[in-house]
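Generate coordinates for the entire structure from the input sequences, incorporating the hints supplied.
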Amino acid sequence: MTTSAPQHDIAVAGADPGPDCPRTEDYLPWQDEQLRVDPYPFYARALREAPVSIDWDGAYVLTKYEDLMHYGRLPSVVIEPEWAETGAWAILSDMALGRDEPDHTRLKRMTGKWLTPKRIKEWLKLTEEITDELLDEIGEDGLVDGSDLAVEVAHRTICRVMQVPEGGAQELRREMRNAMFVLSSARDQSDRDQSVEAHKYMQGRVRECIEYKRAHPSDGLLDDLLRLQDTGEMSEAEAFATAVFFYTVGHMDASYLMCSGLQLFTERPEIFDAFRSNPDVRDAIVTELVRYDAPEPVITRSTTEDLTIRGVHVPAGSRLRLMLGAANHDPDVYDNPDEFDYTRPPEQSRSMTFSFGTHTCQGKLLAQGEIRVLWERIAARYSRIELAGEPTLKNTDASRHYYTLPLRLVR
Numbered sequence: 001m002t003t004s005a006p007q008h009d010i011a012v013a014g015a016d017p018g019p020d021c022p023r024t025e026d027y028l029p030w031q032d033e034q035l036r037v038d039p040y041p042f043y044a045r046a047l048r049e050a051p052v053s054i055d056w057d058g059a060y061v062l063t064k065y066e067d068l069m070h071y072g073r074l075p076s077v078v079i080e081p082e083w084a085e086t087g088a089w090a091i092l093s094d095m096a097l098g099r100d101e102p103d104h105t106r107l108k109r110m111t112g113k114w115l116t117p118k119r120i121k122e123w124l125k126l127t128e129e130i131t132d133e134l135l136d137e138i139g140e141d142g143l144v145d146g147s148d149l150a151v152e153v154a155h156r157t158i159c160r161v162m163q164v165p166e167g168g169a170q171e172l173r174r175e176m177r178n179a180m181f182v183l184s185s186a187r188d189q190s191d192r193d194q195s196v197e198a199h200k201y202m203q204g205r206v207r208e209c210i211e212y213k214r215a216h217p218s219d220g221l222l223d224d225l226l227r228l229q230d231t232g233e234m235s236e237a238e239a240f241a242t243a244v245f246f247y248t249v250g251h252m253d254a255s256y257l258m259c260s261g262l263q264l265f266t267e268r269p270e271i272f273d274a275f276r277s278n279p280d281v282r283d284a285i286v287t288e289l290v291r292y293d294a295p296e297p298v299i300t301r302s303t304t305e306d307l308t309i310r311g312v313h314v315p316a317g318s319r320l321r322l323m324l325g326a327a328n329h330d331p332d333v334y335d336n337p338d339e340f341d342y343t344r345p346p347e348q349s350r351s352m353t354f355s356f357g358t359h360t361c362q363g364k365l366l367a368q369g370e371i372r373v374l375w376e377r378i379a380a381r382y383s384r385i386e387l388a389g390e391p392t393l394k395n396t397d398a399s400r401h402y403y404t405l406p407l408r409l410v411r
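So that you can map any letter, position 292 of the sequence shown is 292 in UniProt numbering, and since no number is skipped, the others follow by simple counting.
No lab work stands behind these hints, which were simulated from the structure alone. Built from N, CA and C at the ideal position, the CB exists for glycine as well. Treat each hint with caution, since some may be false.
Below, computed lysine to aspartate or glutamate pairings styled on DMTMM-like, alpha-carbon distance capped at 20 Å [said to hold, decoys possible]:
1. LYS394 <-> GLU128
2. LYS121 <-> ASP283
3. LYS118 <-> GLU128
Ranges of calculated distance between the beta carbons of each label pair, as one might list FRET restraints [to be verified]:
4. PRO331 <-> THR231: 46 to 54 Å
5. HIS70 <-> LEU387: 40 to 48 Å
6. THR231 <-> ASP32: 44 to 52 Å
7. ARG119 <-> GLY357: 17 to 25 Å
8. GLN189 <-> ASP219: 18 to 26 Å
9. PRO346 <-> ASP136: 22 to 30 Å
Next comes the structure, spelled out in C-alpha cells:
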C-alpha cells in the first residue's frame, strides 16, 4: 500500500506560484464523478497542459513520471510531518511508511526479512492453498463475487503469515474502505467521523490478535513484532502500528488489482486466453495491470527547502501531491499509455503504483504474487470468465474500491 496523507484544510501560508501556474481544479476537479470513475482522460490533459499545478489547498500537483522520480526522491522532500496531522491515520507515523530517515530504514529492515523473495515463495504456497479452498466452494454454475473472493485470498494469506486466526475479512474490508475516504481531497466531516470509527474497529481487531499471540506464541510475523517490542528494538507504538498496517492494509491494493484484472479478462478474453496458455507471459500481464490501474493514484510529500519545478517556485514548507496514476500513463515514458499492452519492452513495464525509491512498498512482490496465484488457480479450472452482473465501485481521487464484481466462471 502507498497510502497518502490527506490534504490539510488550510492553504500553505505564503504560497505564490505566480499568475502563470495552472490551477489544479481546471484539470483535475477532484469532486467530479467522471474523474472518479475514469481519471485517465483527465490525467492525459494535465500531463499535456499542466504538469505542475497548484491546488485549492496550496499543494503543488505533479503528474510527470520524470518529475515524480526526481523530486520525490530528493532528501529535502519528506513524509513527515504529514502523518502527524491526519487524525486516525496518524498511527502510521509510528511505522516505516510514515517515517523519514533514519527511522524509515531501521523499521523497514526489521520487517524486511519477512518479505524476501525466498520467504514470499513460501507465503505464496499458502495463497495457493487458500485459493483452492475457496474455489472448491464455488457451485457448478460458476457464480462468484470476485471482490469477495479476492479479499478472502489476500486477507487469509496475511493471517497465515502473521499466524493469527482467520475470519472477518468482509467486515475488515468494509471498515478499511470507510477509513480510506478521509484521504480524499474532497472529504467532509462524515468522512472524518467514519475514519475514526473504522480505526477503532481495525485497531481493536489487532489488539485481539496480540492477545491471542501472547496466549498462543508461535513463529509468525506478529510473534516477531512482539519479540522486537519485548527486546526494546521497537517501541510498543512502533510494533503496534506495524501490526495494524500489515493486518488491515495488507489486503487492499492486492485485492483491488485482482478484481481489476478479472474484469479485464471478461472484457478482453484474448488476454485471459494468453494468460492460461502461455506461462511465460503471466508476469508481464500482472505487471502491466499494476501499471494500468493504480489502486491508490496519489501520494503526498512535504518540502523542507525552496524548489523550482518546471519554472514554478515551490516554497519550503509546501506540500507536493505526486500523481502516481498519471505518471503511470505518461506518454513520454509509455507508448500508447492508455492501452493495456503486456508486450511492452522492459523499460516501459516499470510503474509507480507501489511508490518508488526507499519508500517502495515492502509488500509489492507479495501483492503481485497473490494476484498471479489467484488468476493461475482460476485458469487451471476454468476456460472463460464472464460478468454475471454490473460491477459496483466507489472511488475517490485518492483510492479505488470494488464493492461487488459478479462473475461466472465457465469450465
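Tested hints:
Only pairs whose Cα atoms come within 20 Å are accepted, and LYS394 paired with GLU128 is rejected, the gap being roughly 29 Å. The suggested pairing of LYS121 with ASP283 holds, with an alpha-carbon distance near 15 Å, which does not exceed 20 Å. The suggested pairing of LYS118 with GLU128 holds, with an alpha-carbon distance near 16 Å, which does not exceed 20 Å. For PRO331 and THR231, the Cβ-Cβ distance of about 51 Å falls inside the hinted range of 46 to 54 Å, so the restraint holds.
Look at HIS70 against LEU387: about 41 Å separates their beta carbons, and that is inside 40 to 48 Å. Look at THR231 against ASP32: about 51 Å separates their beta carbons, and that is inside 44 to 52 Å. Restraint check, ARG119 to GLY357: a C-beta distance of roughly 23 Å satisfies the suggested window 17 to 25 Å. As the Cβ distance of GLN189 to ASP219 is approximately 44 Å, the hint placing it in 18 to 26 Å is violated.
Separated by about 37 Å at the C-beta atoms, PRO346 and ASP136 break the suggested range of 22 to 30 Å.
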